[in-house]
Amino acid sequence: MSYADAILSATKIMLKKNKDVFVFGQGVDDPKGHYGTTLNLHKDFGNNRCFDTPICEESMTGVGIGAAIAGMSPILVHQRMDFLMLAMNQIVNMASKIHYISDGKLCVPLVIRACIGRSWGQGAQHSQSLLSVFAHIPGLKVIAPTTPYDVKGTLITAIEDKNPVIFIEHRMLYKNQGLVPEGYYKIEFGKSRILSKGSDITIVGMSFTVVDCINAKKLLLEKSLKAEVIDLLSIQPLDINKIVISVKKTKRLIIVENDWINCGISAEIISRLVEKYKIKFEVKRIGYLFTPCPTTAPLEKSFYPSPEKIATLSYEMITKKKNWTPKKIKTKEIEEFKGPF
Amino acid sequence: MTIKKFNYAKAYYLFKKIRSTEEKIIEIYESDVIKSPVHLSLGQESIAVGIALASNKKKDIVFSNYRSHAHFIAHGGDYKKMWAELFGKESGLSSGKAGSMHLGDLDINFIFTSAIVGSAISEAVGYALALKLKKLNSRVICYHGEGAMDQGTFWESLNFSALKKLPILFVCENNHLAIYSEQKKRMKTLNICKKVESFGVRSIKIEDNSTKNIFKYAHKALQGIGKNSQPVFLEINTYREVDHVGTNYDFELGYRKKDKQQLLKNLNELNYLKEKTKNFLQVEKKISKEISDALNYSYKSNFPKIKHIESNVTKE
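Chain order of the listed sequences is A and B.
Quick note, the first sequence lines up with residues 1 to 341 if you use this note's numbering.
Quick note, the second sequence lines up with residues 1 to 316 if you use this note's numbering.
Any given hint might turn out to be false.
Under the rule of at most 25 Å between Cα atoms (straight-line distance), these lysine to aspartate or glutamate pairs were calculated in the DMTMM-like manner [unchecked claim]:
#	chain 1	residue 1	chain 2	residue 2
1	A	105	B	107
2	B	134	A	20
3	A	12	A	188
Derived list of chain B stretches under chain A, where covered just means 3 residues or more per stretch with a C-beta under 8 Å from a C-beta of chain A [said to hold, decoys possible]:
#	region
4	21 to 35
5	102 to 110
6	121 to 127
7	143 to 157
8	301 to 315
If you're looking for bench data, these hints aren't it; they were derived computationally from the structure.
Heads up, the beta-carbon is just placed ideally off N, CA and C, and yes, glycines get one too.
Model the full assembly from the supplied sequences, consistent with the hints where possible.
Printed below as a string of structure tokens:
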């Protein structure tokens with residue numbers, strides 16, 4: 001099952017299971033159905049359960065919050081993460097605080113699905129991740145699944161969670177295939193996932209950079225180096241324990257942000273490791289260049305982390321040598337993507 | 001459909017209670033027992049009273065804003081807990097975590113308010129959407145100022161409510177002021193109702209502060225909303241007596257002149273309701289007792305325990 005189909009499957013299961021679940025957002029009932037993730041839900045479940053909205057992100061978020069406090073479980077879908085900036089008032093000032101302000105009497109079981117864009121010229125305003133922006137706010141949960149299995153399980157958990165959940169998908173992942181059970185299952189928040197075991201270095205990725213990390217791990221095998229790759233999966237709450245255990249073993253850590261490094265998730269992880277745990281370890285961070293994302297292909301390519309960059313840095317950290325250039329590895333998600341959106 | 005009759009004694013009780021409450025807040029504010037901003041409703045009482053008397057206390061859902069004391073009292077929110085909340089005590093509505101700007105009481109479906117101008121309007125609309133989807137025969141009452149209509153989100157929300165035919169009554173309390181900025185400094189066209197009508201929402205303008213008049217229009221509007229599931233918009237002219245925030249008069253700032261006529265008009269309305277209330281002395285006595293009981297309760301209550309700071313950030 002593909003990542004997109006896994007989202008569709010989770011949504012269908014929940015629409016069937018709970019009559020209070022509904023899906024809304026710009027274009028959710030159009031012929032493309034948000035990359036297939038909401039395809040034909042309006043036909044299967046009716047226009048009250050899946051409907052298009054006017055182009056007004058702030059107010060539609062408020063509508064979702066209002067419906068959520070009335071006891072429904074809305075799923076609000078955005079074509080790009082960047083458009084959530086129009087809804088920040090509702091997310092930060094309202095959704096995240098209502099439970100606290102009411103001292104627990106109200107809750108906001110709202111899922112906000114947002115898709116990070118990348119590649120083929122998405123440019124400055126269709127490419128942002130902004131993971132740490134949301135993780136900064138108490139009262140929000142932030143989830144960024146990478147695999148089809150995880151996206152389905154965490155989406156079901158998100159829909160059943162009683163808090164606002166920022167559910168972050170990645171445009172480059174929708175076509176990826178994986179083994180996904182047909183039925184209902186949940187994946188607990190606050191748990192990251194070890195995707196490959198290794199003893200030489202710990203590489204932590206999130207969202208799409210997990211794919212880069214896995215590719216880097218493959219490159220390092222050429223030098224017989226074994227990387228332990230962790231998919232962060234749950235950004236807030238953060239699963240620091242798995243990273244602690246891994247770094248105690250490897251003594252080396254690379255965190256690959258799917259975002260700018262500045263004030264990011266990697267800074268948070270490193271701070272927690274340093275503050276609380278007495279581990280001696282070496283650490284490096286990789287992420288977006290600290291510029292807006294350029295549109296033209298050659299610049300865009302160097303804007304992002306790559307498996308080669310991760311592998312080279314890993315090799316240098318482990319061997320203290322600078323005498324290896326990994327071969328090029330094909331990231332099919334990126335190279336095969338020809339838009340248009 | 002039952003036609004409600006305007007109850008003068010109830011109206012006088014609520015109007016007087018709101019006024020006495022605000023006056024008591026002014027009286028004790030300097031003693032610093034209320035350590036947070038208050039936005040007083042003095043001058044705007046008749047709106048809350050008229051609307052509340054027209055509403056169905058059991059079924060209707062109320063969304064207000066940071067200037068909510070009048071709404072809260074008129075709709076029958078827990079009075080002692082309101083005071084305790086102002087005092088920041090653990091016996092308050094939100095154990096002191098909310099204060100005057102975020103009052104709420106779910107026993108009367110009064111949703112905890114927001115201090116960001118216009119931010120709860122889309123939520124009120126979302127709540128109305130939920131009522132419709134759940135096929136519940138309730139209505140949402142959404143109070144806001146004309147200042148909130150400077151925000152894009154008001155018009156976005158209005159459009160959506162019309163588009164989806166949602167059961168919501170917008171109550172615009174037009175005091176013509178956003179802090180110290182007059183409406184005409186902020187809007188090119190002042191005919192609010194005309195603008196609202198252009199969105200396909202029926203609108204009614206009420207020029208004066210007659211509680212009975214407001215009750216009549218609101219009652220009719222609410223009945224229509226229940227029957228047809230359509231939004232209705234009420235614009236009610238009003239006058240803010242004191243400063244935007246805090247407890248002082250603000251006339252000496254020079255941005256507006258003291259409008260003695262307006263001030264008198266509000267007192268006249270209160271006196272009119274009093275004249276129509278046979279046992280007004282008893283009503284006044286009752287209010288005095290409620291205030292002193294609530295103050296005793298609030299003074300005696302404890303502050304929340306420090307460990308409580310971390311509770312209810314997220315729901316388990």
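Consistency of the hints with the structure:
1. Under the criterion of a C-alpha separation no larger than 25 Å, the hint pairing residue 105/A with residue 107/B is consistent with the structure, at around 11 Å.
2. Proposed proximity of residue 134/B and residue 20/A is supported: the alpha carbons are some 8 Å apart, at most 25 Å.
3. Distance check on the hinted pair: residue 12/A and residue 188/A sit about 20 Å apart at the alpha-carbon level, within 25 Å; holds.
4. Coverage of a stretch by a chain is defined here by at least three residues with a beta carbon nearer than 8 Å to that chain's beta carbons; for the region 21 to 35 of chain B and chain A the count is 0, and the condition is violated.
5. Given a C-beta distance limit of less than 8 Å, the hint that chain A covers the region 102 to 110 of chain B holds, as 3 residues qualify and 3 suffice.
6. Figure legend: the region 121 to 127 of chain B, annotated as covered by chain A; annotation consistent (7 residues with Cβ-Cβ distances under 8 Å, at least 3 required).
7. Note: the region 143 to 157 of chain B has 4 residues with beta-carbon separation from chain A under 8 Å; the three-residue rule is met and the coverage holds.
8. With 5 residues bearing a CB less than 8 Å from a CB of chain A, the region 301 to 315 of chain B meets the requirement of three and the coverage assertion stands.
This entry does not satisfy hint 4, going by the numbered hints stated previously; all others are met.
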